Amino acid sequence: METIIAWASSTALSIWVVDNMWVWPIAETLHFFGLSLLLGSLLLIDMRMIGWFKRIDIRATHALLPLVFIGFAINLATGILFYFGDPGRYTINIAFHIKMILIVLAGLNALLYYWKIDPVISTWEAHGNTPLIAKAIGASSLAFWFGVLIFGRLIPYMGTG
Amino acid sequence: MNTFEWLEMSALAEWVGASMIGYPLMLASHGVGMAIVIGIIFMLNLRLIGCFRGISLGSFNGLLKLAWCGFVLNFLSGCALFTAQATVFIESTPFLIKVFAIFLAGINAALLQSALRKNADHWDSGVELPRSVQIMAVSSITLWSIAIIAGRMIAYLDVA
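Chains as they are written, first to last, in my numbering: chain A, 1 to 161; chain B, 1001 to 1160.
Keep in mind that the hints were calculated from the coordinates and are not lab data.
Since the structure is predicted, the reported quantities are computational estimates derived from the model, not experimental observations.
Treat the hints loosely; a few may be bogus.
[Claimed, not checked] Example chain B residues on the side facing chain A (calculated, C-beta under 10 Å, incomplete):
(1) SER1029
(2) ILE1038
(3) MET1043
(4) ILE1049
(5) CYS1051
(6) GLY1054
(7) GLY1058
(8) ARG1152
(9) ALA1155
The C-beta atom is built at its ideal place from N, Cα and C for all residues, glycine as well.
Taking the hints into account, I'd like the entire structure generated from these sequences.
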């Protein structure tokens, strides 16, 4: 971990974030916009997959996926700035570790969506109930992403445990 | 002792400010509530300005109820966070801007909601949305964006 911290602190990106005091607050603000886009679009997609809000045409939720990716891209980019801006803090932080694990789990869950749901969703009944696998993937997605949000918020409070 | 000093001495402020879990719990709740309110409202507004037309405006009648649950969660967690540093917040310009923006955004959301309740089925039949509704959608995005930006700036633009 010492090696990772030493390397990350020595990068040009790290020096840029540290030297420009406005980078951090702007990145934080953008991180909140990204979070709202990511979770807003996922709320619609996943709650409908669980079988709630049946007035939403489930086949149309597909059109929200670009927003999920835009939100994620904004937060990945700004997240990288935070990490390199303070590697000594994040590398050893327990809440940050949990957050990263949850993002990986959410990513694997998204792969499952592309494998099991994406190829067949256009054939589903617009306002009908959903199969168990869709309910499971939708519920897991919301649990993982809200977990990501909560543990992200806890980074300043959980420290190194 | 004024009202804000009194608030800071209250049992709630004590719990939020001094207990191990009070502040992080309220802050995490405030984040969850924000994702729900602003997430759903952003989706509605994007739909109103013409994105993803396959999702009917009628489906937002139910979603907006959930958004108001997020709003209440954030009002309550926001009040708890406020008490912990009431005298600081009440003199913070970004905080006052944030509260005013949310006040206007809340009125805007309530007006949009009642318009949706009345007209969603008609609008979903493929007619052009009234200009006033599109203006309200853009105002909504703007006001919530101001709330996010000003909220973040509270920690950076200290009161003199």
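Structure-based check of each hint:
This hint holds: B/SER1029 has a C-beta 9 Å from the nearest C-beta of chain A, less than the 10 Å allowed. For B/ILE1038, the suggested interface contact is upheld, since its CB lies about 4 Å from the closest CB of chain A, less than 10 Å. Evaluation of the B/MET1043 hint against chain A yields a held restraint, the C-beta minimum of about 5 Å falling below 10 Å. The closest approach between the C-beta of B/ILE1049 and any C-beta of chain A is roughly 13 Å, which is over the 10 Å cut-off, so the hint fails.
Because the beta carbon of B/CYS1051 sits about 8 Å from the nearest beta carbon in chain A, less than 10 Å, this interface hint is met. Taking 10 Å as the C-beta contact cut-off toward chain A, the hint placing B/GLY1054 at the interface holds, the least distance being around 3 Å. With a least beta-carbon distance of about 6 Å to chain A, the hint placing B/GLY1058 at the interface is held under the 10 Å criterion. Residue-level restraint check for B/ARG1152 holds (minimum Cβ-Cβ distance to chain A is 5 Å; threshold 10 Å).
The interface hint given for B/ALA1155 is met, as the beta carbon of that residue sits about 8 Å from the closest beta carbon of chain A, less than 10 Å.
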